[in-house]
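Take these sequences, add in the hints, and give me the full structure.
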Amino acid sequence: MTTPLKIRVLLADDHEVVRSGLRMVLEAQSDIEVVAEASDGSRALEQALGEEIEIDLTILDVSMPRMTGLQAAAELHRRRPELRILMLSMHDNEQYFFEALKAGASGYVLKTAANRDLVEACRACMRGEAFLYPPAVATLVRDYLDGARLGEAPPEDPLTARELEVVKLIAEGNTSEEIAAELVLSKKTVERHRANVLDKLGMRNRVDLTRFAIRRGLVEA
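Residue numbers (this note's numbering): 168 to 388.
Some clues are possibly wrong.
[Unchecked claim] Straight-line alpha carbon distances no greater than 35 Å define the calculated DSBU-like cross-link-like pairs of lysine-lysine that follow: (1) LYS367 - LYS278; (2) LYS367 - LYS269; (3) LYS173 - LYS278; (4) LYS367 - LYS355; (5) LYS354 - LYS269; (6) LYS355 - LYS278; (7) LYS354 - LYS367; (8) LYS269 - LYS355.
[What the hints assert, rightly or not] Restraint-style ranges between C-beta atoms, simulated for each label pair: (9) PRO171 - GLY217: 25 to 31 Å; (10) PRO171 - MET191: 29 to 35 Å; (11) GLU387 - ALA280: 17 to 23 Å; (12) ASN260 - VAL192: 18 to 24 Å.
Rather than coming from a laboratory, the hints here were simulated on the basis of the structure. All C-beta atoms in this analysis are idealised placements derived from N, C-alpha and C, irrespective of residue type, glycine included.
So this is what it looks like as structure tokens:
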């Protein structure tokens, strides 16, 4: 991809104050323009896939309502692989970092370092380069070397993408009927997904699923 003269950015974060601050950081640069904003993953996905706005780069907060940034990133990567994706997170956590890479993100920036790193991360992504904050690089190298030494493959996620969507919506307090409407599924299918998740994770109820969803960054505590 040729880097455009002005990078057109879709900025998604569920906190308006955070979005405003990030927009100021980005638009202080002559080569970056925020052309759209979203407060949840579903809206970000809708705008990025629409034809109304031309977007070169999507910046997604990891934890957002309705659909997380990680879920939106995976869907965007599948449907618009040419679109660059940058994850933004308050979590200095290996699990989120590796899930972001798996979802198709080109970079991972901590909110605590956004003033320093966000602009360069945008430019790096548009050059086709990965941007990883320094501790993440150390983690990536260490885990790769440890895995290679032991001959181990990385563990697979026990839940499918659809099951993660259902878990998130359950943790947000939605009923089976509401989840079915949101995901365009039958109530019976939603309940089957719920039962499968409980079985896979060895859990018993909504409370257990909510705790799991918080640990996974699907919802905020």
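> For which of the previously enumerated hints does the structure constitute a violation, in increasing order of number?
Replying inline: 6, 9, 10
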